[in-house]
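**Student:** Residue numbers are given in full-length UniProt numbering: position 538 of the sequence shown equals residue 538, and the series is strictly consecutive.
These are computed hints drawn from the structure, not numbers from a lab.
Some hints here could point you the wrong way.
As the list claims (entries may be wrong) - Calculated cross-link-like contacts (lysine to any residue; reagent style SDA-like; alpha-carbon spacing at most 25 Å):
1. K62 with P39
2. K214 with G187
3. K235 with V190
4. K121 with R109
5. K256 with K235
6. K162 with P311
7. K162 with L555
8. K96 with K121
9. K309 with E167
10. K101 with K248
11. K248 with M116
12. K256 with E104
13. K214 with E239
14. K248 with D224
Said to hold, decoys possible - Each pair of labels, with its calculated beta carbon distance range:
15. K101 with K561: 24 to 32 Å
16. Y510 with P558: 33 to 41 Å
17. K63 with R315: 42 to 50 Å
18. L244 with G435: 51 to 59 Å
Yeah, the Cβ is synthetic: ideal placement off N, Cα and C, and Gly gets one too.
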Amino acid sequence: MHVLLPVLLAILACLLGGLYLLGAFRRRRPGEPPLDKGPMPWLGHVLEFRRDTSKFLQRMKKKHGDIFTVQLGGFYFTFIMDPLSFGAVVKESRGKLDFFKFAEQLVARVFGYMAMENEHKHMQLSSNKHLMGDGLVVMTQAMMGNLQNLMLYSLGQGDNQKTWKEEALFNYCYNILFRAGYLTLFGNEVACSSKSPEKAEELDRVTSNELFYKFQKYDKLFPDLAYGVLPPREKMEAERLKRLFWDKFSVENVNKRENVSGWILEHQQFREENGVEKSMQDRFMFLLLWASQSNTGPTAFWLLLYLMKHPEAMRAVQKEVEEVLRATEQTVKPGGPLINLTRDMLLQTPVLDGVVEETLRLTTAPVLTRAVVEEVLRATEQTVKPGGPLINLTRDMLLQTPVLDGVVEETLRLTTAPVLTRAVVEDMILKMADGREYKVRQGDRVSLFPYVAVHIDPDVHPDPLTFKYDRVSLFPYVAVHIDPDVHPDPLTFKYDRFLTPEGTRKTDFYKNGKKVKYYSMPWGAGVSMCPGRFFATGEVKQFVFLMLSYFEFELTDPEEKIPSINCRRWGFGSMHPTRNVQFRYRLRF
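Let the sequences and hints guide you as you build the complete structure.
**Tutor:** Pasting the structure below:
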C-alpha cells in the first residue's frame with residue numbers, strides 16, 4: 001500500500017494536469033467575455049472554425065454578441081466583432097497585446113525562419129524607403145517594364161493579332177502578376193550572360209513561368225501548413241518545395257542577378273551585418289517572396305471578373321484610363337514605345353481606386369474599368385491605336401484614377417479576409433466603444449475579423465454583398481467588411497461604394513450613427529498593417545490599366561456565375577475561388 005500510494009498520486013497528478021491542458025477547468029470569471037469552449041476538449045471549435053471561419057464567427061456573434069472567447073486547438077481567442085471597438089486592440093501597446101510573438105511562431109512553422117530582434121522595425125523602415133514615396137516611383141517603373149515584357153512581348157508579331165485567345169482567368173492573373181512582381185523585386189537575368197537583352201528577357205519569361213508553378217504548389221499547401229494539419233505525404237512535399245525555394249533565393253543566387261530591388265538588397269545587407277546565418281537569410285528571401293506575391297494575383301482575378309460582370313464599372317474605369325493617357329500624350333500602337341505609367345498618373349484614378357478598394361473589401365482583389373483607363377490616357381494625351389507608340393504608364397498617372405481606386409478598394413472589401421491576432425502579454429481590460437469593459441487573461445489571444453465585423457455589415461456598407469465600384473473607397477471580414485450597419489448591402493459589389501458624388505474618395509462610414517474609423521481593413525491595421533500595401537495596390541492597378549489599354553476581354557460564357565470563396569483560405573489575405581472561370585482576350589487594334 002505504501003508503494004501504491006505514490007504511484008496513484010502520480011497518476012492523479014498526471015490526470016489533473018492533462019485535464020488542465022485540455023481546458024477542462026477553464027471557467028468564465030466575473031468581468032470576462034462569454035466563454036464557449038466547444039464540443040471537444042482542447043480542440044474546442046477548431047474543426048468548425050477551419051471549415052468556414054466566416055460562418056462560424058457569424059454564428060458565435062449571433063449567440064454571444066459582439067465579444068466572446070472561444071477555444072481553438074488549446075488556445076483561447078477573444079474575438080471583437082464591434083468595429084467601433086477595434087481601436088482598443090489596434091492602438092494597445094505591445095506591452096499588453098503583442099502581434100510579433102504570434103507572427104514569429106507562424107513564420108517559423110511555415111517558412112522555417114527564426115526571426116531576429118528588431119525585425120519589424122527594420123522591415124518598416126526599409127518598406128517606407130523603398131515601397132512608398134520616391135522609392136515607389138522606382139519600383140513602379142521596374143514593374144511596368146516587367147509587366148510589358150510578359151504581356152506584350154508578342155506585339156507586332158504574326159498575322160493573327162485579332163484572334164481571341166482563351167484562358168482560365170485565375171491562372172492568367174496569378175501567373176502574370178506573380179512573375180512580374182518576382183522579377184521586379186529579385187531582378188532579371190544578366191544580359192551579358194544571355195548574349196543579348198532580348199535573350200535575357202526571354203530567359204526571364206521562361207524561368208519565371210517555371211517558378212510560378214512551383215510557387216502555386218506550395219501556396220495550395222499553405223493553409224494546412226499554417227495550421228499544422230498537413231498529412232505526412234503533403235508535409236514531405238512542402239519540405240521539398242521549401243528547400244527548392246531556399247536554394248533559388250540563396251544569397252549567392254540573388255547576387256548573380258541584375259536590377260535586384262533596393263528593398264531586397266537592404267534586407268540582405270541588414271542580416272549580413274547582424275551575423276545572420278546564410279541559410280536563415282535564404283529562408284527570409286522566400287518569406288519575402290510569398291508575402292509580396294501571394295495576394296496580388298488572386299486580387300486581380302476578382303477585379304477583372306467583377307469588371308466583366310459589371311459593364312457600367314468597366315465603362316467608368318475605361319473612361320478614366322483614357323483621360324490619364326491623353327493628358328500625358330501617349331497612344332498605344334504596334335511598334336511604338338511602351339506605356340510609361342508613372343506614380344502621378346496612378347494618383348489620377350479615383351474610380352479605379354474605388355474599384356480596387358471595393359474588390360479588396362469583398363475578396364481582397366481589385367477591379368478596374370475601361371472608362372477609368374481611357375480617362376487617364378486622355379488626361380496625358382495618349383491614345384491606343386494601330387501604329388502608335390506603346391503607353392508610358394507612370395506612377396503619377398496611377399495617382400489620377402479615383403474610379404479605379406474605388407474599384408480596387410471595393411474588390412478588396414469583398415475578397416480579403418485576414419484574421420488580425422494579438423497575444424495577450426499580461427492580464428488586461430478591453431474597453432468597448434459603448435463603455436463596457438472586459439477582462440482578458442495573459443496567455444490568451446485577441447482577434448479581429450473585419451470581413452464580418454465591417455466589410456459586409458449593411459449598417460456600414462449599404463447593400464454590402466453587391467459590387468459597387470464607386471463605394472469607396474479583426475476578423476475584419478465578418479466584423480467590418482460584411483457588416484450591414486457599416487456597408488449597407490455588404491455582399492454586393494458596388495464600384496462606386498468608395499466614391500463621393502463629386503468623384504473623390506469617400507471615407508465617411510457610420511454604424512448606429514457613429515463614424516467607423518476602420519471601415520475597410522484588407523491590409524490589417526496598426527503594427528500589423530501590410531508595409532507593402534502601396535506597392536501591391538500599384539501592381540494590380542498597372543496590370544488592369546494595361547489590360548484595359550491593350551486588350552478586349554470578356555467571359556467565354558456571358559452567363560458565368562461568380563464562383564464562391566474557398567473557405568479553406570479564410571484568414572490568409574486574398575481569397576481564392578472554389579473554381580476557375582474561362583475568359584478570352586485579344587488585342588484592341
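**Student:** None of the hints should be skipped; say for each whether it holds.
**Tutor:** Consistency of the hints with the structure:
Restraint check for K62 and P39: the C-alpha separation of about 18 Å stays at or below 25 Å, so the hint holds. Proposed proximity of K214 and G187 is supported: the alpha carbons are some 19 Å apart, at most 25 Å. For the hint pairing K235 with V190, the CA-to-CA distance comes to about 35 Å; that exceeds 25 Å, so the pair is violated. For a cut-off of 25 Å, the pair hint linking K121 to R109 stands: about 22 Å separates their Cα positions.
Taken as a hint, the K256 and K235 pair is broken in the structure, with Cα atoms around 31 Å apart against an allowance of 25 Å. Taking the CA atoms of K162 and P311, the gap is near 22 Å; set against the 25 Å cutoff, the hint holds. With a C-alpha separation of about 17 Å, the suggested pairing of K162 with L555 holds against the 25 Å cut-off. Taking the CA atoms of K96 and K121, the gap is about 18 Å. The hint holds against a cut of 25 Å.
Between K309 and E167 the CA atoms are separated by roughly 17 Å; this keeps the pair inside 25 Å, and the hint holds. Using a Cα cut-off of 25 Å, the hinted pair K101 and K248 is violated, with the two alpha carbons roughly 28 Å apart. Between K248 and M116 the CA atoms are separated by roughly 22 Å; this keeps the pair inside 25 Å, and the hint holds. Restraint check for K256 and E104: the C-alpha separation of about 30 Å exceeds 25 Å, so the hint is violated.
The suggested pairing of K214 with E239 holds, with an alpha-carbon distance near 12 Å, which does not exceed 25 Å. For the proposed pair K248 and D224, the alpha carbon gap of about 24 Å is at most 25 Å, so the pair holds. Restraint check, K101 to K561: a C-beta distance of roughly 42 Å breaks the suggested window 24 to 32 Å. Separation of Y510 from P558 is about 37 Å and conforms to the stated range, judged on CB atoms against 33 to 41 Å.
For K63 and R315, the hinted distance range of 42 to 50 Å is satisfied, since their beta carbons lie about 44 Å from each other. Distance hint check: the CB atoms of L244 and G435 are about 54 Å apart, consistent with the given range 51 to 59 Å.
The structure fails to meet hints 3, 5, 10, 12, 15 from the earlier list, while all remaining hints are met.
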